[in-house]
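Visitor: Assemble the whole structure, with the sequences as input and the hints as a guide.
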Amino acid sequence: MMTGGVPLLLSRERLHRLLDRPEAPLSVLAAPSGFGKTSLVRSWVETVPCPVIWVSLEGDLVSRPAFWQSVLASATRLGVLDADLPLPAHAEDLDRSDLPGAVLAAALGEHVTTRGPVTLVIDAYERLREATAEVDADLLALVRDAPGLRVVVTTRGSTGLGSPGRSLRGDVQLIGAEELAFTESETAALVAAFAPGVAASPAQLHRATRGYPLALRAALLALGRARPSDRLPDADWQALVAEDLRGQLGSGPGAELVRATVVPPYFDEALAAELAGSTEVKQLLDDLAWNGFGRWIPFTPDRQVFQYVDALRDAMLADAAQQPAAERLRAAELSAWWLHRQGSHEAAFEVAVSHGLYGVAARVYALLVAGNQDAITSTLFDHHLAAVPSRALRQYPALAFGRGLACHRDPALRGAAGDFFRISAAWDGPRLSDPTPGEVLLGHLSKTVSLRLLGRFAQSHRAARAAEAFLAALPEADAEQLGDVRTLALRHLAYSHFQAGDLEAARSATARAVAGAGRPEVLNHTAVYAVGLSAVEGRTAEARAAMTLVDDEAWGPGERRTYVNALGRIGRATLLLDAFDLDGALAEYDGCESFLHTSEFWPFSTWTLMHARLGRGEAAAEARRVAELLRRTPPPPGMTPEPNGPRTADGQHQTGSLGAAAVRGALAVLWLAAGNRTKALPLLRGGGRHAGQLAPAVLLSRLLAGGSDDVLLGLPALEQRPGHTLRSTVAVLTLGAAAALRAGHEESALALLERALALSGVDGARAHLMYLPAADLAALRALADRADNGTLRTYLTGLLPDCFPGSRAAVSLTTQERAVIAAMVLHSTRSAVAAALHVSENTVKTHLQRIYRKLGVNSRSAVIERAIELDLLGRG
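All you need for our numbering is the position in the sequence shown, starting with 1, plus 505.
The set of hints was computed from the structure by calculation and includes no laboratory data.
Hints should not be assumed to be uniformly reliable.
[As the list claims (entries may be wrong)] Ranges between beta-carbon positions, derived for each pair:
#	residue 1	residue 2	range
1	D933	A891	23 to 29 Å
2	F975	D1057	31 to 37 Å
3	A1020	E1251	45 to 51 Å
4	G757	A638	45 to 51 Å
5	L1305	E1251	19 to 25 Å
6	T1319	A917	53 to 59 Å
For each residue, glycine too, the CB sits at the ideal point set by N, CA and C.
Guide: Pasting the structure below:
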């Protein structure tokens, strides 16, 4: 039951009877602002004999889980739920559930069974915005599954709950503007109760105001001060209410209190006293509520907060803006910190930004990230960050980082993100006075991530090292206070290490992050980094072990297919590739568009897609798709060219990340499978810190060109290239074994395969087996049979697709046939070719007939074109 000593309003028995109807467990009061929805329900619940959960929504709740957390928090604060079921337990249940309404239904159902009915009031339902449809469904299920529960919703907007079909079926009772408007008899009762001496009849008031409750109240107050000869003006009542409310406040203590307290969207008695500089505020606030200027709403069982009606607050904010700057800023700062302490972080941030308190805004943002590991990916502050001027962003890099993330999440704005990331990347120490460890760590983290998103992977790696040094130097007590933000930071630092090719540092940071993850949802968000990075590196056993740490019940609604699980999806897709389950690998990304094309994990998700489509025979189409994406400006996330980094064959800066090099290597493989060596060669000529990622494709190109002994000679250099992962090293050894077997070196082939198995294990990285032409794979399997090596047979087994069906033609060319092709490039006639090679024309003719057959062509120009594609005129 609500408490707090709020004065009673006019009892509207007609509407109370509607809300009392037992056959309507869910009632929706839908009408514009000022129709008295909240006041009506407030007076009605005073007559309800059962406990009431009052939830007044604040800001724009775009998240279904956030809504149910608000419901749960109110139920707990108001003492409706059992004391032995504390908030944290319920909160974790809601986080894990795909149907959060069902979780609360179960809790309320237990309460109803043991203690009796409960009423749930949801005020300002329109603030759910995009989450409305989901919560609509939850509420319908809630009243169905929890008999004895009654739900009342007030809203200024539209909701599917109020659809005519639901009203006709009796599922929902809709009370709209027409019902909420005062009837003429109710207007008469209002006049008799509160303004018996006004110079207007109830009929006149009703006609002029059309029964609009707030207009009636404003008119009554205005007429109470008017001379008997004054007539009620005929005007737009929405505008009249705002102006009248401002005018009625006048210059008395009530008006001064409103001007002093209008900045926060709601406040308690203590904040009001601090803002007004007086302890005598309770009676003034009660008077304001009595006169329709605001309302008390429940916040805890023994505490209420006050909220002005929207029309008054809008009008008085303009008046407050004319106060001296020092007073305005003092009120804004007090309000922002008070709201932050109440958990209204978005409102606190909005107040700080709108009043130019960018230092406060930066600190609120830093504290929020430090206390909420998901805040770094949240869109909650995006539209407020857009209002922060450039000078403030430069002064407070944390805000620039947040603005950069907002742009980076939006494909239409991604090109502008770099300007903001360059500000946070230049962070060189705390900009806030007396910073907390969490705020300093956020500075390190924003610098590390910003550099990474700018494509400066080597610098990001160094920044990650500096962040780890900061963590290592913290006293144990300070480190423990960081909580989840330390885990958040470590996994981001691990990703920077990984992209820079420091795999050992990445593994270490990931392990520490996993070890420090406490709550199940935090462990999920962290363990997927171990899944994805281990699988991509080729450490499949570690990836599978990390998968066992992921609790499917601990995911928040929808999280399985979002950014927070991107590396989990990538890891599982990679393991499926190693099992040659190509369709399964592709299916991992079903419904994952929210991160698949826009997150910085793009190189690794694309790498898995490229291999799956290679195996499905779609190499040419996939190569064209990826090549087109790489040509765009800006390039895909994670593929930004690194300033001052190594250059490609055409003089362009290469992307300096391991993931980007892996994409380039996979793209070269796709072009080779498509028979287009011309497009593959420029990719293969790249070097840089991660040249090892290109080594398998380089070796494959030489194999497809018919090499064997010369391939073996180049194998050590390819194996020693920088930037190898275990996966790329094993691929090089396996392809090297195929080359050794072609050259007749069976012992060398076996030795290379045994080295590969020693590195990865029999059930380790195997997706690279798709690079083997079918004849080479068959020859390696025959070798395993001859050696009676069961482990090797297991490694080579599986239903592998033949991704290079045309490769045997090039492999079977003789040395003389290659010489003929080379001479054809320089000489236009058969006789000239014969003279250059010192053979007869008939010999050249015989060689040409064999060449045509082997290459599948029938003209001189086609021979030359095919020779260029297969690199028969020179090695890459």
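Visitor: Are the hints correct? Go through all of them and say.
Guide: Verification of the supplied hints:
Here the CB-CB span from D933 to A891 is close to 26 Å, well matched to the stated 23 to 29 Å. At roughly 35 Å, the beta carbons of F975 and D1057 sit within the given window of 31 to 37 Å. For A1020 paired with E1251, a C-beta distance near 46 Å keeps the hint of 45 to 51 Å intact. G757 and A638 have their C-beta atoms about 46 Å apart, which keeps the hinted 45 to 51 Å range intact.
At about 22 Å, the beta-carbon gap between L1305 and E1251 stays in the expected band of 19 to 25 Å. Between T1319 and A917 the C-beta distance comes to about 57 Å, which sits within the given range of 53 to 59 Å.
Violation of the numbered hints given earlier is absent; every hint is satisfied by the structure.
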